[in-house]
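2 protein chains.
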Amino acid sequence: MSNLRLLLLSNSTMAGEQWLGWPEPHIVDFLDTAVTSVFFIPFAGVRLSWDDYARQARERFGEMGYGLVSAHEATDPLAALESAGAVVIGGGNTYHLLNELYARGLLLAIRKRVLEGLPYVGWSAGSNVACPTIMTTNDMPVVEPPSFKALGLLPVQINPHFTDAQPPGLAGETRTDRLMEFIEVNPQVTVVGLPEGDLLHLEGYDLQLAGSHPARIFKKGKEPWDVQPGDPLEFLLS
Amino acid sequence: MSNLRLLLLSNSTMAGEQWLGWPEPHIVDFLDTAVTSVFFIPFAGVRLSWDDYARQARERFGEMGYGLVSAHEATDPLAALESAGAVVIGGGNTYHLLNELYARGLLLAIRKRVLEGLPYVGWSAGSNVACPTIMTTNDMPVVEPPSFKALGLLPVQINPHFTDAQPPGLAGETRTDRLMEFIEVNPQVTVVGLPEGDLLHLEGYDLQLAGSHPARIFKKGKEPWDVQPGDPLEFLLS
Numbered sequence: 004m005s006n007l008r009l010l011l012l013s014n015s016t017m018a019g020e021q022w023l024g025w026p027e028p029h030i031v032d033f034l035d036t037a038v039t040s041v042f043f044i045p046f047a048g049v050r051l052s053w054d055d056y057a058r059q060a061r062e063r064f065g066e067m068g069y070g071l072v073s074a075h076e077a078t079d080p081l082a083a084l085e086s087a088g089a090v091v092i093g094g095g096n097t098y099h100l101l102n103e104l105y106a107r108g109l110l111l112a113i114r115k116r117v118l119e120g121l122p123y124v125g126w127s128a129g130s131n132v133a134c135p136t137i138m139t140t141n142d143m144p145v146v147e148p149p150s151f152k153a154l155g156l157l158p159v160q161i162n163p164h165f166t167d168a169q170p171p172g173l174a175g176e177t178r179t180d181r182l183m184e185f186i187e188v189n190p191q192v193t194v195v196g197l198p199e200g201d202l203l204h205l206e207g208y209d210l211q212l213a214g215s216h217p218a219r220i221f222k223k224g225k226e227p228w229d230v231q232p233g234d235p236l237e238f239l240l241s
Numbered sequence: 004m005s006n007l008r009l010l011l012l013s014n015s016t017m018a019g020e021q022w023l024g025w026p027e028p029h030i031v032d033f034l035d036t037a038v039t040s041v042f043f044i045p046f047a048g049v050r051l052s053w054d055d056y057a058r059q060a061r062e063r064f065g066e067m068g069y070g071l072v073s074a075h076e077a078t079d080p081l082a083a084l085e086s087a088g089a090v091v092i093g094g095g096n097t098y099h100l101l102n103e104l105y106a107r108g109l110l111l112a113i114r115k116r117v118l119e120g121l122p123y124v125g126w127s128a129g130s131n132v133a134c135p136t137i138m139t140t141n142d143m144p145v146v147e148p149p150s151f152k153a154l155g156l157l158p159v160q161i162n163p164h165f166t167d168a169q170p171p172g173l174a175g176e177t178r179t180d181r182l183m184e185f186i187e188v189n190p191q192v193t194v195v196g197l198p199e200g201d202l203l204h205l206e207g208y209d210l211q212l213a214g215s216h217p218a219r220i221f222k223k224g225k226e227p228w229d230v231q232p233g234d235p236l237e238f239l240l241s
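As given, the protein sequences belong to chains F and R, one line each in that order. Counted the way our numbering counts, the first sequence spans residues 4 to 241. Counted the way our numbering counts, the second sequence spans residues 4 to 241.
Hints listed in this document are in silico derivations from the structure and should not be mistaken for laboratory results. Just so it is clear, the structure is predicted and the values come from calculations on it, not from any experiment. Yeah, the Cβ is synthetic: ideal placement off N, Cα and C, and Gly gets one too. Any given hint could turn out to be false.
[Claimed, not checked] Computed footprint of chain R on chain F, listed as stretches where at least three residues anywhere in the stretch have a Cβ under 8 Å from a Cβ of chain R:
#1 21-27
#2 137-144
#3 147-155
[Said to hold, decoys possible] Simulated DEER-style distance windows between Cβ atoms:
#4 V230/R x E206/F: 48 to 58 Å
#5 L118/R x A168/F: 36 to 46 Å
#6 G120/R x L51/F: 15 to 25 Å
#7 F238/R x S215/F: 28 to 38 Å
#8 D229/F x H29/R: 55 to 65 Å
#9 G155/R x D54/F: 34 to 44 Å
#10 Y105/F x G108/R: 24 to 34 Å
#11 P232/F x D180/R: 39 to 49 Å
#12 G233/F x G155/R: 45 to 55 Å
#13 D54/F x D55/R: 35 to 45 Å
#14 T78/F x D234/R: 44 to 54 Å
#15 G233/F x A112/R: 51 to 61 Å
#16 E187/R x D35/F: 35 to 45 Å
#17 P149/F x K115/R: 44 to 54 Å
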C-alpha cells in the first residue's frame, strides 16, 4: 500500500509564457480543494533571493487558491511542514537546494511526510531532489552538499529540461551523451528524460506521463526509447 | 619562486577537425624537445574505454614526437609518474576523473610533481581538475567523488567550453547565469570562461591567454568582462 502523491514537472515556464503558466491546471487538479496552504522551499534560488522567490510563489499559488508558507521565513519550519497541506519545491540550482535541505534538517522530515501521504509538487531542481540522487541534474555544482543522495521518493532518476538540441557550433556532449554516461556508471538505475512542458504524476503505484511531448527512457543495455503520455509506465517502478 | 608549468586547454577539438588538432602546435611548443614521454590520465573517459582513450592519445602524441604511458596500464603508476617528462590529463567527465584520481592516490602525487616543475597539459575536464575545485565544470555528476576539491594548481576556476549560446527554444539558464551563481556563492573566487579554441598558459608567475577568442572573467561585484590574448593577467594570480 502506498499513498505517495507526486507531481514532478520538468520546468516551471515555457519560453515567453507566464511563470508557472503551463503547470497551473495540473497543479490545481493535483492539489484540488482538499489543500488550503502549501509549504514552499525556495532554497534552489541563488541570485533570486528567497524573499523574492517566496513572494513570486505566494502570488501565483494565491491565484490558484492556496496559501503559502515559505521554509525560510517560518519560525518553526518543521511545525509548518507538519501542518501544511502540501510541499512545493521550486527550481533553481539543485546543489544549492540539496545542501540547504541537509543543513536545515529538512531532507528526512520532508521524506517522512511525503511517504505518509503529503502531496509533493516540484519543478526542475525540485523534481530532481525527489529522485534517489541528484546525479542527473543539469546544474553547475556551485556548492558542495554533504552527499548526492536526495529524497528517494521514486526509484528512477529524472533529467529535467530534457533536450538533445545543442548550442550551434559547439562540439561538446549532447544531453543524450551525458545520460548514456550516467547509465554506464549506474547500470541499475533508469533515467526519464523529461522535456520542458512534461511532468510525471505518481498516485500510489500509478505513474503517468503528462504533457505535450514524449519522454525518453535511458536504461543500461538498451537503446534509449520514447514513451508517450498515456503509455504504461509500471516498469519504471519495479 | 615558482616553476609551475601549465597548459590548460578549453577543449581538445574544434567541431569537424582532427582530434587534438588546434592544440597540437601549442603542446609541441610547450613540451618542446626536453620531454620524451608523457604520463597520460584517461580516467575522464566513461563510455570511451581507457584502452581506447590511451590508444588514441598514444597515436597523437606519437605524431608529435612523444612516448606515452597511460596511468591505467602502468604496473606502478606512481613510479611511472615519477619518471615521466610531463603529465597529460584528458577530457571527458570531470566527476569520473576526479573520483579515480582520489581512489588511486594520484591526486596528491600529481600535485606534488607539478609543484616541483613537471609540465602539465590538460583539456576540458583535465583543465578543470587543475583548479581549486571542480565547481565550474559543465558535466553531469554521474559519480560522487569524495570531495569537489581538486589539484589547486592555480588560484582561479576555469569554465571550459565557455559559450553563451543556448539550444534554440530552451528557457533554461545560460552559462553566464550559472557562473554568476558560482561567484554569488563563492565571492572570493574568480572564474575564467575559456571558449573553445582558447587556452591558459602558466610559466611560474606568467599567465597568458592564447587562442582565437576573448575569454570572459567573472568576479563578484563586477560586470563580467572580456580579456584578449596578450592582455595582462597577473590579477588572476593574486
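Point to revise | Hint check for L51/F and G120/R - Cβ pair distance inside 15 to 25 Å | key: violated, 46 Å
Review point. Taking the CB of P232/F and the CB of D180/R, does the distance hold inside 39 to 49 Å?
Key: Taking Cβ atoms as reference, P232/F and D180/R lie about 30 Å apart, which means the hint is violated.
Practice item. Starting from the range 28 to 38 Å, see whether the pair F238/R and S215/F falls in it by beta-carbon distance. Key: For F238/R and S215/F the Cβ distance comes to about 49 Å; the hint is violated.
Practice item. Confirm or reject the claim that G233/F and A112/R have a C-beta distance inside 51 to 61 Å. Key: holds, 55 Å
Exercise for review: Report holds or violated for chain R covering the region 21-27 of chain F, Cβ cut-off 8 Å, minimum 3 residues.
Suggested key: With 0 residues closer than 8 Å to chain R, the region 21-27 of chain F misses the three-residue bar; violated.
Practice item. Given the range 45 to 55 Å, decide if the beta-carbon distance of G233/F to G155/R lies inside it. Key: holds, 52 Å
Exercise for review: Count residues of the region 147-155 of chain F with a Cβ under 8 Å from any Cβ of chain R, then say if the count reaches three.
Suggested key: holds (count 3)
Review point. Given a hinted range of 48 to 58 Å, is it respected by the beta-carbon distance of V230/R and E206/F?
Key: holds, 54 Å
Exercise for review: Take a look at whether the Cβ-Cβ distance between Y105/F and G108/R falls inside 24 to 34 Å.
Suggested key: holds, 29 Å
Practice item. Please test the hint of 35 to 45 Å on the beta carbon pair from E187/R and D35/F. Key: holds, 38 Å
Exercise for review: Check, residue by residue, whether the region 137-144 of chain F contains three or more positions whose beta-carbon lies closer than 8 Å to a beta-carbon of chain R, and give the verdict.
Suggested key: holds (count 8)
Practice item. State, for the Cβ atoms of T78/F and D234/R, whether the hinted interval 44 to 54 Å holds or is violated. Key: holds, 51 Å
Consistency note: the structure conflicts with the earlier hints numbered 1, 6, 7, 8, 11, 13 and 17.
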